[in-house]
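Note that the protein sequences, when read in sequence, are chains W and A. The numbering of the first sequence is the working numbering, which starts it at 1 and goes up by one. The numbering of the second sequence is the working numbering, which starts it at 361 and goes up by one.
Rather than coming from a laboratory, the hints here were simulated on the basis of the structure. Be careful, since some hints might not be right.
[As the list claims (entries may be wrong)] Label-pair ranges, simulated between beta-carbon atoms:
#1 A:459 / W:205: 36 to 42 Å
#2 W:242 / A:669: 54 to 60 Å
#3 W:217 / A:861: 47 to 53 Å
#4 W:315 / A:846: 37 to 43 Å
[Claimed, not checked] Covered stretches of chain W, going by a simulated chain A footprint (3 or more residues, C-beta under 8 Å):
#5 85-92
#6 100-113
[Claimed, not checked] Taking lysine to any residue and the SDA-like style, the derived pairs with C-alpha atoms no more than 20 Å apart in a straight line are:
#7 W:187 / A:461
#8 W:138 / A:661
#9 A:461 / W:20
#10 W:110 / A:676
#11 W:110 / A:461
Just so it is clear, the structure is predicted and the values come from calculations on it, not from any experiment. Even for Gly, the Cβ is constructed at its ideal location relative to N, Cα and C.
Okay, here's what each chain looks like letter by letter:
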Amino acid sequence: MTAASRQNKLVLEGLSKRYGAFTALEPTSLSVDDGEFLTLLGPSGSGKTTLLQMISGLTEPSEGKLWVDGEDWTFRPVNQRGMGLVFQHYALFPHMTVAENVAFPLQMRKLPQAELRSRVDETLKKVQLDAFAHRFPKELSGGQQQRVALARCFVFRPRLILMDEPLGALDKALRENMQMEIRRLHKEYGTTVVYVTHDQEEALVMSDRICVMNHAKVEQLGAPHRIYADPETLFAATFIGHSNVLTGKRLSMDDRTAVIRTPSGDFRGAYTARDRGTEKVALIVRPEQMRLGPPPDGEYDGVTGRLNDLVYVGADTRLLVSLPDSTEIMLRHDPATGAMPAIGDQVAVHWAKSAARIVS
Amino acid sequence: MSSAPSLVLSRFRSNPLWLALPAVLLLAAFFLFPMGRLFLLGVQDPQTGALTAEHYLRLTEAPVYWRILGITFRIAILTALFSVILGYPLALWLSRMDSRKQSLLALLVLLPFWTSYLVKTFAWMILLGHRGVLNTLFVEAGLIERPLGLMYNELGVIIGMVHAMMPLAVLTMLPVMNGIDRRLTLAAGTMGASRSQRFWLVYFPLSVPGAAAAGLLTFITSLGFFIVPAFLGGSGQTMLAQTIITQVQELVNWSFAAVLASLMVVAALISIWIYNRFFGLSTISGGSSSDGVRASSGILRRLGRRFLEFMAWISSPFDRFGSSIGNDDRGSAIYPVLALIFLIAPMLVVFPLAFTSASSLQFPPPGFSLRWFEQYVNSPVWISATIRSFGVALATAFCATVLGGLAALGLARSRSRWNGPLFALMLAPMVVPRIVIAVGLFYLMAQIGLVATNTGLVIGHTLLAIPYCFITIGAVLKSYDWRLNQAAETLGAGRLTILRRITLPLLRGGVIAAGLFAFVTSFDELTIAIFISGGLRTTLPKQMWDDMFLQLNPTLAAVSVVVLVIVTAILLAAQKLQK
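Go ahead and model the full structure; you've got the sequences and the hints to work with.
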């Protein structure tokens, strides 16, 4: 499917939220395609939950417009939006059984009894909870409660599902399990999903696109591999995956590349900064792009420093190198490059100029 | 050589329930024992002591007692019903505020809750009387030609009782409503539920345990009421408690008083049993109600569900009056503010009348004067009663805080199977109608010579204050981090040092607040004082009670102002310390 043939499910036009002098979300514009899985990723206070709540109708925007399927939904009442919302702590009705919880949205839509029952049964089977239909939520484990919340959301086939850190309360193993479950349900129903998390790994695993947010505004929006490979801001570079950061001043630039002056030398890299005005920039090189040894030719840049520590993490060994200005960089030890240096040794590190990015 | 004492010590250590022992002993001797004695009186022949049913048979002979029972139940049920229905929207409104604003506005409910029933009733007599404030205003405004009969009838009693009980209802419902997860109604909204569906299908069922607890407590308290019907009711509104007082004080018929008291306790126990059947008692003691109504049989559940769906349907036309978006289910503040005015304003009427220059309680006062305060200060009777009340209240505050606090500490640290029964025992004096406690205590104290002594009064008031201290200190202990004690222990502190340097400083606010609550409980207390204080040496409430029977005069208004100011000052202090 090409981008042009895809429908815009959801369009935000300068949507913002202020509480008095406090800005919860700067004016934000973005669009979500039909069937897309979009993740809002950022630390707490970055505005991602505010954005989600304005889409759901639980919070009224201060400015801007919200379009769904080409209709203006900015002030549409929450109960007439027909969106599915999965809450962080599930918000299961404690006085209703699992089946009653899942039936609730269908009753609100006045489905006939027979159809209602079959839909509830079918959905509960899909999340493997058919045996627990008559239990109360508090009699279930955390993972089971989470599945009830998912079933209650998917059962009425909403065209748009919003999830607010739905896996935040689960432990790591269960969380990974549920990530797969949500991906499966998303594919099966072909629903559009807007998903909020602060866990970058979760965002990378699940999303079609990630919207990185910080300080009440969008830092970068794009496919996971694009954000990882071509970060536009220092925040996006450091929030997703590990980055080695050398800060300095921009010396020169052209359309695609720039040269940065750092205490460890001048380096060239692809110039992906969003804000092209500032001279204070940073060179970003991912650890897997760095190798031990001096730069073999002009296509490479390099630094030297003291090996501070070796960290064994199972799959590989990480080398922590301290540069003369006490910037610390990290790289993986590649067994092919020869013997492991000892702690305290002076080592040379190099990377391909094409792998370096300059951001602001 | 140190093995024997350390053995004793370690036993004390191993079971912290020992800390509850002093309170248990006091309650056993002056609460459980006299209640049991009272029950026996009802089934014994006063001369021979043989078991007999004759006292209960008297009930069947005189239809007047059936009528009194009927009236008592009718008034108690109506009071509970109105208190819950009128209090529910107010509690709901308060529960939706942020905690700072809520605790501020909840003061307007706490204040009437702690204000003495006598002052409240006195204020209503001024308002509702034939030539009272309301009738005067209505006639002058031309709304009515002749004064309405607002009191000495059932209307007067219900107004006074609902005013007295609504704060209790609101304060019982509020914690339950605070505990309801607000995201649940939001979630229901996103699933397509309208405003009325969100309320009736999700919020309301979760709040029912609180409303039912409020109904239960107001019903039980109303059963034992006598102040309001004595002053605001006519002869047709005589309630059970008044009859008990008559039987004891005028007819000295202990056996029959015991029968009536037993009936009252049985009625209270039955209503508690019913409540426990459906909701579980933990709701009352501040437990979470998140499980809502106990899973009951399928038919009941389905019926309830139908009823709620019907209510949602009935109220759906009103949906469009509220804001439709988001969590702004705040609703209008008009009703809650009116309800708060209903709770506060009647008590304020005593202020202008206390400063009147007239020699009667006419309204509006013709001029300003301090003569009634002078009268109060120069009256040896009033001043000695005030001093005595202060002394008794101080002693009560000390005893109840120590006993209730130790019991709360013991129960908080223990996981014994005795916790449940002990918990119930500590709260029992709050649930058993005061009139029953007072009569039982009077019988016992008359035998051991404690009537008309300060000791007797302090013991009686301590019984009543222990539940409040137990709850207040228990609440602070709930949030106390016991790992701090372990931390102090690893740093080398001994048990006493931990108590002195760690535990007490952290609990200080709660402990002082408990003491203040106990002080107010005693300072306002009338029921026990009527029986125990005796003779010329009365307490302030007892003196007010006697005066109100003789004649309403502006001195009473001046005394009411003094009581109101003292109680308000203490409450504000307690509220500040509790945080």
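Hint by hint, here is what the structure shows:
no.: 1; hint: A:459 / W:205: 36 to 42 Å; result: holds, 39 Å
no.: 2; hint: W:242 / A:669: 54 to 60 Å; result: holds, 55 Å
no.: 3; hint: W:217 / A:861: 47 to 53 Å; result: holds, 49 Å
no.: 4; hint: W:315 / A:846: 37 to 43 Å; result: holds, 40 Å
no.: 5; hint: 85-92; result: holds (count 4)
no.: 6; hint: 100-113; result: holds (count 4)
no.: 7; hint: W:187 / A:461; result: violated, 47 Å
no.: 8; hint: W:138 / A:661; result: holds, 18 Å
no.: 9; hint: A:461 / W:20; result: holds, 18 Å
no.: 10; hint: W:110 / A:676; result: holds, 15 Å
no.: 11; hint: W:110 / A:461; result: violated, 40 Å
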